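Residue strings, one per chain:
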Amino acid sequence: MEDKILISVKNLKKYFSRGKDIVHAVEDVSFNIRRGETLGLVGESGSGKSTVARLIIRLIDTDGGNIIFDGVDITTLSEKALKPFRRRMQIVFQDPASSLNPQMTVGTIIKEQFLIHKLGTKQEQEKWVEELLEKVGIDPSFKDAYPHEFSGGQQQRICIARAIALRSEFIICDEPLSSLDVSIQAQIIKLLEDLQKELGLTYLFISHDLAVVKHLSDSIAVMYLGKLVEFSNKKDLFSNPLHPYTITLLSSVPTIKGEEKEVELKGEPPSPINPPEGCPFNPRCPKKEDICERETPILEEICEGHFVACHIVQR
Amino acid sequence: MTQYIIKRIGWIIFNLLVLSLIAFILIKNVPGSFLELQILIGQAGTMGTGLTISEVEKVRGVETEMMKRWGEDVPLWQQYLTFIKGLVTLDMGPSFRWPTQTIEEIIANTFPVSFTIAILAVTIAIIIGIPLGVLAALKQNSWIDYLVSALVMVVSAIPNYVMAVFVIFLFSFWIPILPTYGWGQPKNYILPVLAMSFGPIGSIAGYMRTSLLDALKQDYIRTAWAKGGTERHVIFGHAMKNSLIPLVTILGPMISHLILGTVFVEGMFGVPGMGQYFSQAAGSRDYPLMMAQTVIFGLILMIMNLIVDIIYFFLDPRIRVSRR
Amino acid sequence: MRRFLTIILSLVILSSTFLGTAYAEKVFRWSGSWGNTWDLSFHQGFIWVHMMGLTEGLIKWDKDMNPVKGMAESYTISKDGTVYTFKIRKDAKWSNGDKVTAYDFEYGIKYILSPKNGRGSFFGGAWYIKNAKDYANAVISDPNQVGIKVLDEYTIQFTLDGPHPDFLTTCALPTLYPMHRTSIEKLGNKAFDAGNLVTNGPYKLVGYTPNVEYILEKNPYYYDADKVEVDKIVGKLGGDPFLMYRRNEVDLINVGAAQLPVIEKDPILKKELITFPQSTVNLMYFSYFEHPAFDDRRVLTALQKAIDKEKICKFVYRGLAKPAYSVVTDLIPGSTANDPEVVEKFRFDPEAARKLLAEAGYPGGKGFPTVHFLIHSGQANDPLILAVKSEWEKNLGIKVIIDNYEQGVWSVKRFEIQSEPTFTFSGASYLYPDPAAPLTLNYAEGCLVASLKTKDLVEKVRLEKEQTEALKAGDEKKASELAKRIHNIIYTRSTPEARKILSLVQQAQRTTDPKKRLELYRQANKIRDINMYSSFPLVQPMSARLVKSNFEVPFNKYLVGFPVGFAYIRTK
Amino acid sequence: MGNKKRIGRSYWSNIWEKFKRNKLAVFGLIFVCILILLGISAPWLAPYPYDEVHYEAVWTPPCREFLAGTDQLGRDIFSRLLYSLRNAIIVGLGAQSLIVVIGLTLGLIAGFYGGKTDNILMRIVDIVYSFPSYLLNIILVLVLGRGYFSIFVAIAATGWAGMARLVRGQTLSTKSRDFVEAARASGAGNNRIMFRYILPNIIGPVIYSIFSGIPGVMLVESGLSLIGLGVRPPMPSWGLMISEGTGQFLYNPYMLLAPAGMLVLTILSFNFVAFGLRDALSARE
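Chains A, B, C and D supply the protein sequences, listed in that same order. Here the first sequence stands for residues 1 to 315, where the numbers follow the numbering used here. Here the second sequence stands for residues 1 to 324, where the numbers follow the numbering used here. Here the third sequence stands for residues 1 to 572, where the numbers follow the numbering used here. Here the fourth sequence stands for residues 1 to 285, where the numbers follow the numbering used here.
These are calculated hints, taken from the structure and not from any lab test. Mixed in with the good hints, there may be bad ones.
Using C-beta positions, here's what the derived DEER-type ranges look like [said to hold, decoys possible]:
1. C/Asp231 - B/Leu76: 47 to 57 Å
2. B/Val74 - C/Pro554: 43 to 53 Å
3. B/Tyr146 - C/Asn248: 38 to 48 Å
4. B/Ile307 - D/Ile40: 41 to 51 Å
5. B/Arg8 - A/Asp70: 19 to 29 Å
6. C/Glu264 - B/Pro186: 33 to 43 Å
7. C/Asn550 - B/Phe173: 17 to 27 Å
8. C/Val27 - D/Ile40: 51 to 61 Å
9. D/Tyr113 - A/Asn66: 50 to 60 Å
10. B/Leu76 - C/Pro277: 31 to 41 Å
11. C/Asn550 - D/Ile40: 49 to 59 Å
12. C/Lys69 - B/Ile119: 48 to 58 Å
Nothing here was measured: the structure is a model prediction, and the numbers come from that model. Every residue gets a Cβ at the ideal spot worked out from N, C-alpha and C, and that includes glycine.
Whole structure, please, built from the sequences with the hints as guidance.
The structure is reproduced here in C-alpha cells:
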C-alpha cells in the first residue's frame with residue numbers, strides 16, 4: 001500500500017512576511033497522492049492552493065513540514081541534489097500566455113527541457129519536440145512559431161507538452177483551465193485525461209471549480225485560509241460533505257438537474273495576516289459554536305479515508 | 001506617515017554623510033590649489049612675463065603661511081570633521097574666492113534667487129505646457145497634435161544656453177522691449193525665466209499628452225463615458241485629475257535641475273544665482289564652497305524627492321493603501 | 001490669442017516707461033573688470049577699479065599718465081635717491097569723513113605685504129622698499145624692519161634698497177595705497193564689503209553683487225570732488241557687452257577683431273570706435289624640459305623666423321595688433337622693439353628658417369621632436385596659439401600638439417618637468433612708462449635662468465623641489481646647501497650675455513642721471529632681445545573700445561586699456 | 001491559428017513591425033544611422049582638417065568653399081561640425097555603454113537575488129540618485145583630467161543609478177512571471193535563467209533607456225565643454241562651438257546656428273527613435 005504513494009506532504013507550513021506582518025499562507029497541510037491518481041485541491045482564491053503547489057515543486061522553501069517524493073524527503077535538498085527530481089515533477093500554470101517565454105519559439109521552449117538536463121543529441125531533441133507537439137495536438141510544423149501566435153488553448157497545450165517532455169511522473173496543474181474559454185476547457189481536460197491514461201501520470205489538480213475537480217480527481221482536498229479543512233476520496237466528499245465550508249462550496253456548484261440550494265457565505269474571507277482565533281472559518285460559519293472561536297480544530301479521520309477539521313463534525 | 005517621513009529624514013542624513021565624504025575625497029584630489037591660481041591670475045593681469053618663474057617659485061614658498069589661514073595645514077580627517085561641524089552648526093567660515101562672504105551668506109544670498117527663477121520657470125511651463133499637452137491629446141492625430149508634438153520635441157531639444165541667446169535677441173534686440181542684463185527689477189526676471197522655461201514646457205506638454213492619452217484609454221474613463229458624462233466632465237473631472245498626479249513626480253527633479261543647471265543663463269543675464277558660484281568655485285579651487293555647495297545641493301535634491309513623495313502620497317489613494 | 005497680444009502689448013508699454021525715465025544724475029556704465037574681492041591684498045581684478053576711482057595713493061596719474069601729487073601735498077627725495085619723504089595734504093579725507101593720515105599708509109602697505117593676508121604676484125613699487133620683499137616672503141617676520149617710517153601724523157618716509165627713480169610713479173599703484181585701519185580692525189573681512197569699504201579716492205563703493213555688477217558713487221569728502229563730473233559708475237560683470245552697448249545699457253565696452261567688420265559698416269559705431277596701442281606683448285616661453293635641440297641657437301632662431309606675424313596681425317587680429325620682436329613693448333622708454341637689428345634677426349623668412357633648421361640637423365623638420373603647447377581652457381580659443389601651431393607645421397614641417405588643461409590643472413602642470421619640449425603662452429603687460437617697469441632686478445635674475453641650457457634648467461628645478469621638501473621637513477642645513485647649489489647653477493652656467501644684462505640693470509638701478517639710466521636699460525634690452533630665446537615675443541595687441549559719444553574717456557595704455565581714472569571722464 | 005498567417009514572427013520582429021508604422025521614428029532612425037555614419041567617416045568626409053587655419057578667410061559666411069562658413073581662425077565650420085558630431089557620438093555611446101554595463105549588472109543582481117544584496121545595492125542606488133550629478137560631473141572631470149574616458153566615467157558615475165533601478169524593476173517583474181518559474185521548476189540554473197529568460201525579456205526597456213539617454217549625455221558633454229571641461233580643444237565639440245558662437249550671434253549668426261542646429265537635430269533624431277521604441281514596446285497586441 002505504502003509503495004503506491006508517490007508524493008506525501010506532511011504538516012507543510014509557509015509564512016510570508018509583509019513588513020512587520022506575517023501572512024500565514026499555508027498552515028499544517030498534509031496529504032498523500034497515490035501513483036497514477038489525481039488529487040483535486042480546491043479552495044477560494046487566496047486560500048493557499050498555489051502556495052502549496054509551489055512548495056511541493058520547491059519553487060519556494062518551506063517553513064516547516066516535509067515533502068516526500070517517491071520515498072525521498074526532498075524538503076531541504078539543495079538545488080543540485082534536487083535536479084534529478086526536477087525531471088520527475090512538472091507544473092502547468094494558470095496563465096499559459098505568461099508561462100511561455102515570449103522570446104523563444106515553442107520548439108525552443110520544449111527543447112529547453114532537454115538542454116537543461118542535457119538529454120539527447122540535436123536530432124533527437126528535434127524529433128522529441130515534434131512528437132510531443134503532436135501528442136498534445138499541435139501541428140509540429142508550427143514549432144518555429146512564437147507563443148503569441150497561438151490561441152490560449154494551444155498555448156496551454158504547449159505548456160502541457162513542456163510538462164511531459166521529460167517523462168515526468170507527477171504533474172501539478174495549477175488552475176490550468178481558469179483562463180480558458182469553457183469549450184476549450186473541455187478539450188484540455190480531455191487531453192489531461194488521455195495523457196494520464198497513456199503515460200500513467202499522477203496529477204495534483206488545483207482549482208476553485210468543483211465541477212472540474214469532480215470530473216478529474218480521485219480524491220479531493222479542500223483548503224480554507226491556508227489550512228486543509230477536508231480531505232477525502234471524491235465519492236465520499238460529494239455524497240457526504242462534512243465541513244460546513246465544503247457544504248457551502250458544493251452548494252454553489254451548478255448541477256445538471258438545476259436543484260440548487262443556496263447557502264450563501266457571509267462576508268469576505270478574512271485576511272490571512274490576522275487569521276481569526278480558533279477555527280479559521282468561524283466568522284462565516286453558519287453552525288458556529290463557542291468552541292470554534294477558542295480552539296483550532298485539527299484534521300481528524302472521521303471515517304475510512306475521510307478527514308475533517310471541524311469541532312462540530314468531530315463530535 | 002510621520003514614521004515614514006522620520007525614516008526618510010534619517011536616510012537623508014545618512015546619504016548626506018556619504019555624499020559629503022565622497023565629495024571631500026574627490027575634491028581633495030582635484031589638482032591645483034586656490035593659491036596657485038591666485039598667482040596665475042595676478043600674473044596674467046600684470047607684469048607676468050614668462051621669465052619670472054623664479055618669482056613665482058618664491059611666492060610658492062610662502063604657501064604655508066597662507067594656508068594656515070584656511071586651515072589647510074591640519075590633517076585630512078580633521079578637515080573633514082571641521083567641515084561637518086561647520087555644516088551642522090551653520091558656521092562654515094569664509095569662502096576662498098569671496099573672502100568677505102561666509103559660505104552661509106553666499107548660499108543665503110544665491111539660493112533664493114536660483115529657487116525663485118526655477119519655480120517661476122516651472123510655473124510658466126505648467127501654465128503653457130499643460131494646456132498644450134491636453135490640446136494635443138484631445139485632438140490626437142490631428143494637425144494640431146502634430147504641430148504641438150513637433151514643437152514640444154524641438155523646444156525640449158534646445159539647451160537653455162542656446163535658448164538664452166535666442167530670447168535675448170528676440171526680446172531685447174529685434175523687439176527691444178526688455179533689458180539684456182541686470183538684476184533687481186521685476187523685468188530682469190522675464191528673459192532668464194523665459195529662456196529656462198522652454199525645456200520644461202516641452203517635457204510637461206509631452207508628459208501631459210501621453211498620460212492623458214493613457215488615462216482616456218482606461219476602463220474607468222470608458223465607464224464614465226458610458227454613464228453619459230459630458231465631455232467636459234469626463235476629461236476634466238476624471239482623466240485630467242488622474243493624469244496630473246504622475247506629473248508631480250517630474251516636477252521635483254525638474255526644479256532641482258533648474259536650480260543649478262543654469263550657469264550659462266546666469267552669466268548671460270546677470271542673475272546672481274548658485275550656478276555661477278559653483279562653477280567658479282570649482283574653477284578657482286575654493287574647496288569650502290565646493291564642499292558646501294555639493295552637500296547643500298544634494299540636500300535640496302533629496303528634500304525635493306521627499307516632498308514629491310509626500311505630495312504623491314496625499315494625491316494618489318492607491319499609494320496610500322499599498323504603503324499602509 | 002488676443003489675450004496673448006494684450007500681454008505682449010502691456011509688456012511693451014511697461015518696459016518703455018522704465019526706459020523712459022531720465023536720469024537726474026550722470027551715470028557712466030561700462031562693461032569691465034573682474035574679480036571677487038575689494039581687499040587690495042588679493043591683487044586681482046578690482047584693484048584696478050580701486051586705482052581708477054576708489055583709492056588714491058600719495059601720487060596719482062593725470063589723464064596723460066604723468067605722475068602728479070595725489071594724497072601728497074609735497075615730497076622730498078634724498079640726494080642718493082633712496083629716501084622719499086611725503087607730506088600728506090591736510091584736506092585729505094576718507095569717505096566716512098575721517099582724516100587720511102600717514103598711519104593709514106603705513107598700515108595699508110604693510111597689510112598688503114603681510115604674508116598672512118591675501119596674495120598675488122604683483123607688488124609694483126612696494127618691492128623697492130627696504131626689506132619689503134623679505135617680509136612678504138616670510139624671510140623676516142618683524143614688520144618694523146620694513147623701510148616705512150611715520151614721522152608725524154602727516155609725514156611718511158620710505159627707505160628704498162637703492163635709487164629708484166620710478167618709485168614715484170609706482171606710488172600711484174595699488175600696492176602703495178592707504179587702507180582705513182579702524183574699519184578693517186573693527187569689521188575684519190566685512191570691511192571690504194560694499195557699504196563698509198572706506199575709500200579716499202573720488203568714488204566710494206555703494207553696491208556690489210558678485211558676478212553681476214558693482215556701483216560706485218561720488219565721494220563727497222574727496223578734496224577734488226568739484227572736478228569729478230560723473231556721479232555714478234556702474235560696472236557690469238557679465239552678459240554680452242556688444243549687445244548691451246547697442247541696447248544702450250553700457251557706455252563703454254571692449255571690442256575685438258570679430259566685431260570690427262560690423263562696426264565699420266555702421267556709421268555711428270564707427271565714429272564711437274577708439275583704438276590705441278597697449279603695453280602688452282603676447283608671448284610664448286619654454287616650460288621645464290630637457291632637449292639639446294632647444295639649446296641650439298639656430299633652432300630657436302628658426303622657430304622665431306618661421307612665424308608670419310604680419311599675416312597673423314593682418315588677418316587674425318584684423319589690424320588690431322602689430323608684430324612683436326621684443327618682450328618689451330615700444331611704449332616703454334628704452335625698448336628695442338623697433339631696433340632694426342633685432343627686427344631683422346627675427347623677421348619672417350621661411351627659407352632662412354628652414355635652412356637654419358637643416359644646419360642644426362633637422363632638414364625639413366625630420367628628427368625634430370614633437371612640440372607641445374601647454375595651454376589652459378581660457379586659451380582654448382586663442383587664435384594666436386593655433387596660428388603659431390599652423391605656422392610651424394606649415395613652414396618647418398615639425399609636429400605640434402596642443403595639450404589643453406583646465407586652468408587649475410594647468411597651473412600645476414606648467415611647473416612640472418615635461419618629458420617633451422613644451423611651450424606655454426602668456427601676455428606681458430607693463431604698468432607704467434618707465435624702463436624699469438619691465439627690467440627689474442628680479443627680471444634680470446630671471447634672464448639668467450632663462451639663458452640656462454634646458455638640462456641645467458631642469459636640474460635647477462629638481463633642486464628647488466628638493467629644497468622645498470627639505471624646508472617642509474625642517475632640514476635647514478640641507479636646504480641652505482641646496483640653495484647654494486642652485487645659486488651656483490644660475491650664476492655659473494648662465495650665458496655671459498645674461499650676466500651682462502644683470503650687471504647693466506644693477507648699474508642702472510644705482511644711476512640717478514636719467515639719460516645714462518635710459519641708455520643702460522636700452523643696452524640691456526637689446527642684449528636680451530637679441531640673445532634670450534626661451535621666450536618668443538609674438539604680437540603686440542592694440543586696444544579697441546567703443547565709447548558712447550556723450551562721454552570722453554582718457555584711456556590708460558599701460559593698464560590693459562582701462563580708463564586712467566573715473567575722475568577724468570568728461571560728459572559732452 | 002490560420003495557416004495563411006506567416007509564422008515565426010518573433011517578439012523583436014513584432015516590435016520592428018510596430019516601430020515601422022511610426023513614420024517619425026523610422027525617419028529618426030534613418031537619421032541616427034546617417035549621423036553615426038557621418039561621425040565615423042568624419043576624417044574622410046571633412047573637406048579640411050578640423051584645426052586647419054585659413055587666415056585669409058576668417059569669418060567667412062557659408063559659401064561653396066566653406067559649406068558652413070569659417071570661424072575666427074578661418075577654420076572650416078562644416079569640418080568642425082563633423083568632428084563634433086563624432087565626439088558627441090563617441091561620448092554618447094561610450095558613456096551609455098558604461099552606464100549599461102554597470103546598471104545592467106547591478107540591477108540584474110539586485111533584482112534577481114533580492115534580499116540583502118538587493119537592499120544594499122538599492123541603498124547605494126538611492127544615494128547615487130540623490131547626488132547632484134552636475135556638480136559631481138565637474139569634480140570628477142577635474143580629478144580624472146580631461147579626455148573621453150574621464151567624461152565617460154564622470155557621466156556614468158552618476159548615471160548608472162537610473163539604469164540599475166530600471167533593470168531591477170524589470171527583473172523583479174520578469175522574475176515572478178510564470179515562464180521563469182516553469183524554467184526553475186524544470187531545474188534551470190541561475191545563470192541560465194538570468195541570461196536566457198530574464199535578460200532577453202528586459203532588453204527592450206533597456207534599449208529604450210539607452211536611446212532616450214544619449215541626448216542627455218550629449219547635452220552634459222556640451223555643458224561641460226561650455227565651461228571648458230569637455231573634450232579637449234582644439235578638438236571641436238558642440239558645446240565649445242556654441243560658446244564661441246554665442247558672443248558672435250549678432251554679426252556671424254552662422255557660428256551659433258550651425259552647431260546649435262546640429263545639436264538639436266541630433267538630439268531630436270535620437271528622441272524620435274526613443275519615442276518610437278517606447279510606443280512599440282508598450283503597445284500590446
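Tested hints:
| no. | hint | result |
| --- | --- | --- |
| 1 | C/Asp231 - B/Leu76: 47 to 57 Å | holds, 52 Å |
| 2 | B/Val74 - C/Pro554: 43 to 53 Å | holds, 50 Å |
| 3 | B/Tyr146 - C/Asn248: 38 to 48 Å | holds, 42 Å |
| 4 | B/Ile307 - D/Ile40: 41 to 51 Å | holds, 45 Å |
| 5 | B/Arg8 - A/Asp70: 19 to 29 Å | violated, 52 Å |
| 6 | C/Glu264 - B/Pro186: 33 to 43 Å | holds, 38 Å |
| 7 | C/Asn550 - B/Phe173: 17 to 27 Å | holds, 22 Å |
| 8 | C/Val27 - D/Ile40: 51 to 61 Å | holds, 57 Å |
| 9 | D/Tyr113 - A/Asn66: 50 to 60 Å | violated, 27 Å |
| 10 | B/Leu76 - C/Pro277: 31 to 41 Å | violated, 51 Å |
| 11 | C/Asn550 - D/Ile40: 49 to 59 Å | holds, 57 Å |
| 12 | C/Lys69 - B/Ile119: 48 to 58 Å | holds, 56 Å |
Violated hints, listed in ascending order, are 5, 9, 10; each of the other numbered hints is respected by the structure.
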